[in-house]
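Take these sequences, add in the hints, and give me the full structure.
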Amino acid sequence: MAWQWFHRLGSPRWFYEKTSRWLVWFAPLTILLMLLGIGWGLGFAPIDSKQGDSYRIIFIHMPAAALALAGYYIMAIAGAVGLIWKMKLPFMVMKSAAPIGAALTILTLATGSLWGHPTWGTFWEWDARNIFMLVLLFLYAGIVVLAEVYPSRDAADKACAILALVGTINVPIIYKSVDWWYSLHQPASIKLTGGSSIHWSMLYPLLLCILAYYCFYTLALILYTRREILVREARTTWVVQLAQARLARGKGRPAEDAL
Amino acid sequence: MIEFRFSSLTEFLQMGGHGIYVWSCAAIALVILTVLLVYPIITARSQLVRIQRQQAMQQERHQHARSSGP
Numbered sequence: 032m033a034w035q036w037f038h039r040l041g042s043p044r045w046f047y048e049k050t051s052r053w054l055v056w057f058a059p060l061t062i063l064l065m066l067l068g069i070g071w072g073l074g075f076a077p078i079d080s081k082q083g084d085s086y087r088i089i090f091i092h093m094p095a096a097a098l099a100l101a102g103y104y105i106m107a108i109a110g111a112v113g114l115i116w117k118m119k120l121p122f123m124v125m126k127s128a129a130p131i132g133a134a135l136t137i138l139t140l141a142t143g144s145l146w147g148h149p150t151w152g153t154f155w156e157w158d159a160r161n162i163f164m165l166v167l168l169f170l171y172a173g174i175v176v177l178a179e180v181y182p183s184r185d186a187a188d189k190a191c192a193i194l195a196l197v198g199t200i201n202v203p204i205i206y207k208s209v210d211w212w213y214s215l216h217q218p219a220s221i222k223l224t225g226g227s228s229i230h231w232s233m234l235y236p237l238l239l240c241i242l243a244y245y246c247f248y249t250l251a252l253i254l255y256t257r258r259e260i261l262v263r264e265a266r267t268t269w270v271v272q273l274a275q276a277r278l279a280r281g282k283g284r285p286a287e288d289a290l
Numbered sequence: 179m180i181e182f183r184f185s186s187l188t189e190f191l192q193m194g195g196h197g198i199y200v201w202s203c204a205a206i207a208l209v210i211l212t213v214l215l216v217y218p219i220i221t222a223r224s225q226l227v228r229i230q231r232q233q234a235m236q237q238e239r240h241q242h243a244r245s246s247g248p
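Going line by line, the protein sequences match chains A and B. Mapping the first sequence onto my numbering, position 109 (from 1) lands on 140, and the numbers just tick up by one. Mapping the second sequence onto my numbering, position 24 (from 1) lands on 202, and the numbers just tick up by one.
It should be emphasised that the hints constitute simulated quantities derived from the structure, not laboratory data. Be a bit skeptical, because a hint or two may be false.
Covered stretches of chain B, as calculated for chain A (at least 3 residues, CB under 8 Å) [to be verified]: (1) 192-198; (2) 214-226.
For lysine to any residue, the following SDA-like pairs were computed, each having C-alpha atoms within a straight-line distance of at most 20 Å [what the hints assert, rightly or not]: (3) LYS81/A - GLU189/B; (4) LYS49/A - THR249/A; (5) LYS119/A - ALA222/B; (6) LYS49/A - ILE219/B; (7) LYS81/A - MET193/B.
We treat Cβ as the ideally placed atom computed from N, Cα and C, and that holds for glycine.
Here it is, written out as C-alpha cells:
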C-alpha cells in the first residue's frame, strides 16, 4: 500500500526498532565526520587574508547556525503533521527537537560572540541577525518549558505545535537579515545558484562540517526521540518487554541497546 | 593544497594570537555537542530501569495478593 510507510512512520515502536539497528553504524560515522570536518577546518584550511586564524571559527559557528534554523523547520513541520494527522510520533519528534535547537542556538551565539570580539571588536552587537537569533532561542526555550508545564500531554503537544508554527516566521527573517539590514554580519558566502565567494580549499571543509552537523542533528534527534518514546510508551507491552530483556541480559554490562 | 598550516603545535594552539577565541569555541562546541548525545542516552537508560522496577513491584504485589487471598 502506498500509504503504509506513512502510518509506519507514525508508530513509535517501528521507529525505535529501526533506529536501534541504524545507530550502530550511524553514531560512529557522525563522530568521525565531525572530527574530520572540524580537524580539516582548524588545521588544514588556509589562513584568511583579512581575519587571520580567527575565521576558523566559521567551521564551528556557521553549521551550528544552519542547523539551529533548519531544526526549527523540522520541529514546526513535525508539530504540523502531529496536529493534522493526530499521530503520536511526530509530537515526540517535535518535543525532542526543542532542546537540541536551543542548545545549537546557544552554541551559535557563544561562538559568534567569540568570533565577534577579534573581528568586529565587540562580543555583542545589536544587529538584526543577532536579535532574531536571540528570538529563536526564546522560541525554543518557550517550547521546552511549554512542553513541561501543561498537566495534560495532549494540550501540551497542541500548544507547542502552535507556538512552533507561529514562530516559523522568524526563520526566513534570520536567513534574509544580512541582506535586508546591512550590518556587521557578512552576507552569505555559499550560494546554491551562482558562484560562491569562497575558495574550494575553505569551501570543502565547510561543506564537510555542514554535513557532519546535519548527521549530528539527526543522531541527537533520534536519541532524544527514543528517550521520549520510552517515557510516553512506558505502559505498553513492547516497552515493558524491552526493559525486561535488558535486565535479563545482565545488569553490570553496559547495554548497547540502550544507546 | 591540503596540508597542515602550522609549523609547530605551539603555533597551532596560538593561531596567530587568535588561539584563545578559536579553542574556546572548540571547547564550548565539544561540551554542548557531547551533552546533546550523552544526556538522552543516560535518561533513556534510567527510564528503562524505572520501568523494570515498576514491573517488579507490580508482580510482587500480585503474588502477595494471591498468597494472602481467601
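How the hints compare with the structure:
no.: 1; hint: 192-198; in the structure: holds (count 5)
no.: 2; hint: 214-226; in the structure: holds (count 9)
no.: 3; hint: LYS81/A - GLU189/B; in the structure: holds (19 Å)
no.: 4; hint: LYS49/A - THR249/A; in the structure: holds (14 Å)
no.: 5; hint: LYS119/A - ALA222/B; in the structure: holds (18 Å)
no.: 6; hint: LYS49/A - ILE219/B; in the structure: holds (17 Å)
no.: 7; hint: LYS81/A - MET193/B; in the structure: holds (14 Å)
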